[in-house]
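Given chain A, put chain B in place with the hints provided.
So the sequences go chain by chain: A and B. Counting with the working numbering, you get residues 1370 to 1905 for the letters of the first sequence. Counting with the working numbering, you get residues -16 to 290 for the letters of the second sequence.
These are computed hints drawn from the structure, not numbers from a lab. Among the clues, some could well be false.
[Said to hold, decoys possible] Covered stretches of chain A, going by a simulated chain B footprint (3 or more residues, C-beta under 8 Å):
hint, stretch
1, 1441 to 1448
2, 1579 to 1585
3, 1884 to 1898
[Said to hold, decoys possible] Subject to a maximum C-alpha distance of 20 Å in a straight line, what follows is the list of computed DMTMM-like cross-link-like pairs (lysine to aspartate or glutamate):
hint, chain 1, residue 1, chain 2, residue 2
4, A, K1416, B, E30
5, A, K1416, B, D57
6, B, K44, B, E30
7, B, K34, A, D1489
8, B, K34, A, E1491
9, A, K1416, B, E33
10, A, K1757, A, E1780
11, B, K140, A, D1614
12, A, K1669, A, E1774
13, A, K1416, B, E26
14, A, K1665, A, D1862
15, B, K34, A, D1513
16, B, K35, A, D1614
17, B, K34, A, D1562
18, A, K1900, B, D57
19, B, K35, A, E1491
20, B, K35, A, D1489
21, B, K35, B, D57
22, A, K1416, B, E21
23, A, K1757, B, E21
Even for Gly, the Cβ is constructed at its ideal location relative to N, Cα and C.
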Amino acid sequence: MKTLRILGLCLVFAGLYACGEADEPAGPPDTLQRGLPTDAETLDHHKARSLQAADVLRDLGEGLVGYSATGELIPAAAESWEVSDDGLRYTFHLRDGLRWSNGDPVVADHFVAGMRRLVDPETAAVYVDLLSGIENAAAISAGDIPVSMLGVEAPDDRTLVIRLAQPAPYFINLLSNPSTFPIHPPSIAEHGDRFARPGRLVSNGAYKLAAWVPGSLIALTRNEHYWNNAATAIDAVNYHVLVQDTAELNRYRAGELHITSTVPPDAFAQVRNQYGNELHVSPQLNIYYYGFNLTKPPFKDNLALRQALSMAVDREELVEDVVGRGEPPAYSWVPPGINNYDPPRLSFSSLSKNDREQRARHLYRQAGYSEDNPLRVQIRFNTNATHKKVAVAIQSMWLDVLGVEAELINEESQVWLANMREAEVTQVFRASWVGDYNDAHTFLSILQSGNGMNMPRYENEDYDELMELAAAQSDPKQRRLLLEEAERKMLSDHPVIPLYFYVSKHLVKPEIEGWGDNVLDYHYSQHLSFKAAGGD
Amino acid sequence: MLRYTLLRILGAIPTLLLVIALAFLMVHAAPGGPFSNERVLPEHVEEKIEKKYRLDEPLPKQFIRYVSGLVQGDLGPSYGYRDYDVDELIAETFPRSLRIGALAITLALLLGMAAGTVAALRQGSWLDKFVMGFSMTGLSIPVFVVAPVLVLLFAVKLHWLPAGWTSQTGISRYVLPVITLALPQIAYIARLTRASMIDVLGRDFVRTARAQGLGTATVVRVHALRPAMLPVLSYLGPAVAAVLTGSVVVEEIFGISGMGQLFVRGASNRDYTLVLGIVITYATLIIALNLIVDILYGIIDPRVRYR
Chain A
1370 MKTLRILGLC LVFAGLYACG EADEPAGPPD TLQRGLPTDA ETLDHHKARS
1420 LQAADVLRDL GEGLVGYSAT GELIPAAAES WEVSDDGLRY TFHLRDGLRW
1470 SNGDPVVADH FVAGMRRLVD PETAAVYVDL LSGIENAAAI SAGDIPVSML
1520 GVEAPDDRTL VIRLAQPAPY FINLLSNPST FPIHPPSIAE HGDRFARPGR
1570 LVSNGAYKLA AWVPGSLIAL TRNEHYWNNA ATAIDAVNYH VLVQDTAELN
1620 RYRAGELHIT STVPPDAFAQ VRNQYGNELH VSPQLNIYYY GFNLTKPPFK
1670 DNLALRQALS MAVDREELVE DVVGRGEPPA YSWVPPGINN YDPPRLSFSS
1720 LSKNDREQRA RHLYRQAGYS EDNPLRVQIR FNTNATHKKV AVAIQSMWLD
1770 VLGVEAELIN EESQVWLANM REAEVTQVFR ASWVGDYNDA HTFLSILQSG
1820 NGMNMPRYEN EDYDELMELA AAQSDPKQRR LLLEEAERKM LSDHPVIPLY
1870 FYVSKHLVKP EIEGWGDNVL DYHYSQHLSF KAAGGD
Chain B
-16 MLRYTLLRIL GAIPTLLLVI ALAFLMVHAA PGGPFSNERV LPEHVEEKIE
34 KKYRLDEPLP KQFIRYVSGL VQGDLGPSYG YRDYDVDELI AETFPRSLRI
84 GALAITLALL LGMAAGTVAA LRQGSWLDKF VMGFSMTGLS IPVFVVAPVL
134 VLLFAVKLHW LPAGWTSQTG ISRYVLPVIT LALPQIAYIA RLTRASMIDV
184 LGRDFVRTAR AQGLGTATVV RVHALRPAML PVLSYLGPAV AAVLTGSVVV
234 EEIFGISGMG QLFVRGASNR DYTLVLGIVI TYATLIIALN LIVDILYGII
284 DPRVRYR
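If we strip away everything but chain B, and leave its shape as in the complex, we get:
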């Protein structure tokens, strides 16, 4: 398995390089530049700034300089936040986004799997219909609608929770952003678990377990849950990606200083280095998580062999 892991890590390097090259090309191909604005700069000032940030060099040269800096762990200065380097901005915002994302995924796994299992066991009952109805709703209402509605209800009307991230400190400010992010994932995981659980519950080994006189709880816990989890596990990779993209909207609505809102700002300001730095962070994260999921797969399903 160690050999497999190492090979996978090596294999990730060209993928990452490709991502960097594509992202680099795309940000530079977009019209405008980091220093263009409705207040047009005098030409000599624009030239001066471009020279200072070496934006006047030919693109291939800029790319090589960027990658060689990257190898030494230098993501460059931010063009949009002129008092900061990109690595400082990522170090400031990434942990916050990660924390909210991790909480959302954990919540989604716990609630989604519990709801899906219950629905599968009571297939066709009102409980099943409720869970499925809820998950359909959860999936079809976009984050940018859910968030303001939750804020209106819990912050503006009931005053139970803060409407914004910077208004309070402590755990209460996590509640609304995390629920907003988790909601569609809870819904999706519940549907996945239900379908897979129904399938597993109909298998021969479950019938055998029941024939031996085991109760439903034991059958589910000891025998059915593990195989039923496999589709959920493979969904984790896409789920993380969905939470990351969802965080862009959630962070803007709640005013969270996370990497998502920084990404949006970077893209609209043509802050090349910031956008590239965040793309690299996202890409590394997704590659790493996919690897972890594949390894976990083998732990949960002993039939999987690594080569």
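Chain A on its own, in the form it takes in the complex:
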């Protein structure tokens, strides 16, 4: 009997325990429910680095400029701006009546303070290089001169002047990045580095932070002090952290999410049939590529081999039969659709499959390999179902066309990253790059010598020189020609095998209005609304 009593007690205890839990905020009934594939690491906009944190930060904060639902640059905190003729001086005029979520006015000094905090070496901000084009920024972030020397100043509360060291036509685009948002100095004075938490975070965007349950939920509510509050339709937004894409899809199916962050690869065909118009697939500024380790044999100084391997890949077959979610095949490094740029294409892109493979075999022999002496090579990728499928396909294409014996090595993502950065054991590696802003520079700059993101370790003096000439060029047309010339030069060296460009994949419930597909894959909650009930 005693044992039964103990068990009974356990049950009562557990029951009470479960019921006694304080409920997390579920939000009002018409809360927008969005999926988030991983939790934000921080909501401090200078320390955040993930795309997911940036998505949330664009709802919470506001920069000088922003984007419309369809991806056009629009004025945000600044109502207008002028650029000097030499392209070096930007003067921004802030809107009247800008306020923080606690009612304090937003003044130009808060933007100055924000940008200074971004480049301050003490902050150790992730995007510290984003504003390196501003006068003195690079020297400040290197710790050589004080932050007060940054070329940003506020002559009055509603005017902000930014001076650049070099003309950069894409500069205006950077000012939509959360790293350039203003800071609320009293919050930092009071809470130091830990200001970005529920109950503390003061924001200047359409929403404010209501709750954050780590690993589970970020809840936002309307910021009544926002200058354009009247145009914000949705009162509250919940970001549900859902690491597993199938779990996210199930929530959408159960009617618990309005917008998903992605669609699981395996369920894609089924989702397309079942949901039709609710599925939004749109090109993104994001390339999937294979890189060669150019510091070691067999790829060092072996252009013919690199070109042969690139040519042996049937990109159409790859995107249609293997990846299959509407991705465009990549014959360039810079994605099509980028502003003021026409990407040059790989020389063999117009050849027929037969000619292309013939030429690939010729180059392969020229590089010193043959059927009796095949290339044995390792392909490294981070563990992921899609990466594996792509690697298997490429392994088989290389074998069929050239007789290359490729070994596939999947690695836990930090191991893969460490190996790629060290460039000791890697030969061929899978990687990707997401553009930070809508300009070719964000893609081309990473392949300059010494850039930390230059994973193949590509070094070409001509390329670097063309990039520098473009950077100094204030005429947009000349600059564009220089950048295109640089890409053409780089493509002919084959440091990478561009494979395909990513597409964004979202499921959006039919009752959501205002959704726009765009290359940046930015979807501000403030642009969305629920269809009026009873309407048709």
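This is chain B only, laid out in the frame that chain A set:
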């Protein structure tokens, strides 16, 4: 018994220290670091951050600093959640995981023992075969398959329960995660109880009780249940461990802000302090539960003596 308990607690300290040292070595030995990412930081920024979190110090020094902080109850700041300290994150998530785990274990004990006893009493009947068949299935289907199937059935098709933790508040959101976690445990406990109950029912004292004219219900309740429970009780320690590891998957699938999903995230982000903090919490929990089980053993079986 008090002396025994105290000795056991003292004995747990070196075990815990060993766990901490091993975990510390292992997280630091893994390639990469908390601040390495595909978006490579400029070198001076990386140096600055490492200096700030004192990751530039030699490992032994970092270890000593960590342990001395630990003694004062300081688990350090999280590297992966830069607005939080590790103890805050554990305090936020651990109660939730504990609650779900406790519910799952209780459910497993109740259903598992009831099913096992019934199967033992009706040995060879269709009921026995059903229970054993069910438990075989329950044991062999992994959690990451059971969970989506339950969600598809009860949330997507029938709309009886929420598919995710954060979609609703209240008790209904506990149902699917708890059942998913409990299922393999129900199965295992049912098998254990059945085997042990069959053994006990064949013993002399049970025959004597029956010879005295007691009904089956009384025989089971008064005489057989207690000794038959012993193997189940010793299984409780491993069961708790299994529920804890199972919770990692369940929490990710249902989007529960529990310690399990935090652990996975911490490990893949190389959030050293978070991983260590959770390992210490898990280890303490398992050591404590084993101790409790050993003490309970003596309460249920009077033949056990503590020295």
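Which numbered hints are broken by the structure, listed smallest first? 1, 3, 5, 16, 18
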